[in-house]
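*Asks:* Top line first, the protein sequences correspond to chains W and C. UniProt numbering numbers the first residue of the first sequence as 1 and each following residue consecutively. UniProt numbering numbers the first residue of the second sequence as 1 and each following residue consecutively.
One thing to keep in mind: the hints can contain errors.
Claimed, not checked - Looking from chain C toward chain W, a few residues come up when the C-beta cut is under 10 angstroms (computed):
id : residue
1  : ALA66
2  : ALA122
3  : CYS124
4  : ILE196
5  : ALA216
6  : ALA221
Calculated from the structure, these hints are not laboratory results. All C-beta atoms in this analysis are idealised placements derived from N, C-alpha and C, irrespective of residue type, glycine included.
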Amino acid sequence: MKEIAVIDYNAGNIQSVLFALDRIGVKPLLSNDPDRLYHAEKIIFPGVGEASTTMAHLKKHQLDTLIQSYNKPFLGICLGLQLMCRHSEEGDVDCLNVFDLPVRRFPEKAGLKVPHMGWNTVSFNDHPLFKDIAQDSYFYFVHSFYAAQSESTIGQTTYGLSFASSIARDNYMATQFHPEKSGVVGQLLLNNFINL
Amino acid sequence: MIAKRIIPCLDVKNGRTVKGVNFVDLIDAGDPVELGMRYSEQGADELVFLDITATLEKRKTIAELARKVAEHINIPFTIGGGIKSIEDIGVALEHGADKVAMNSAAVNHPDLINEASRAFGAQCIVVAVDAREVDGKWFIHTAGGTKKTDLDLFEWASECEDRGAGEILFTSMDHDGTKKGFALEALKKLNDQLGIPLIASGGAGKKQHFLELFEAGAADAALAASIFHFNEVPVPDLKEYLINHGVTVR
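When you get a sec, could you build the whole thing from the sequences and use the hints?
*Replies:* Here is the structure:
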């Protein structure tokens, strides 16, 4: 079987991702070694935490260059998506620039609670990641920062404003929502990634 | 549009789900993981597990519970009950919990909220507040509702938000277990003042109570226990009812 790797760093939701993969019969390699990761057939880059701290951690382990040079299917989740962008307002930090996008905080608006927490719909373009998934399905979100809309948007969600809840370019894909926590639909999306 | 969340709560004691009325008189309601899986399959949006086991090896029981739940359940879940320190939170999250709920410890050591939020992110820090109305004023209670404090519900909830809590879970002790409906007035006031999500708890007895809650704009999510455990209001029926009445749910 093709080796799926999960980048092991100080992200809060690694265990959830491992359990979710286990439920679909995938036993991934868990590693923070760039050389080992580079040879995996696919990489999942989970993330829950603060952007600037996590960027520093990635750099320390040379995981930044690994991610930028990797050329096989790569899936970032939540903070993973944000770190793949150009710059984040969280901790005012330059990120990986896989996607040339700014990451901003949700605006302070009456009635708009931050974090954006809970189930929201994703309207998506035709993309293999969403194969067999119903348009406007609900996915689980927990985040205070978002990536702006661009040509790389493949799924969008509205919360006070419309933002990019999934993005893709070449071999890179990323979701702002947590497929590992999004019930059956999330499981389907993870399976779609595994079967790419 | 973001959906209103329906959250079954499982009080866990010595590995079993239990349910009390007004915080006492516990009765057995089944295996927590099995119940959790059933709810997850039925379309529950999240689960809350409150471990009310009183053991010296609390951390071990929290870790075991978190792991067992996380292995089987593909929706977010919160673990609470006896979370006292950064270490306890770390243990729960490392074993697969998505969020932790702290209650008495937050009142006794408010700095814990700040430290936990910095260490793990606001999104996983839920502050649970139990309160009861005395002479028109809502007072926070701790230690499973047994100790009255001088803290005002509304002031304390705002302080929790300022200190970095990601969500507030408010249980009205006056309504808990009565099945007469949520504490709408207090919830509405709290929901209007908070910039973070609010989960309403205590008093759900029938589907209309959830509709009243959401129509009043009094919470982002509703939590209940026995009406789900004993199948009085099945989650799918509740959701269908809410959708038919114009509430956005998943």
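*Asks:* Each hint should be assessed against the structure and marked as holding or not.
*Replies:* Each hint, compared with the structure:
no. : hint   : in the structure
1   : ALA66  : holds (9 angstroms)
2   : ALA122 : holds (7 angstroms)
3   : CYS124 : holds (7 angstroms)
4   : ILE196 : holds (6 angstroms)
5   : ALA216 : violated (14 angstroms)
6   : ALA221 : holds (7 angstroms)
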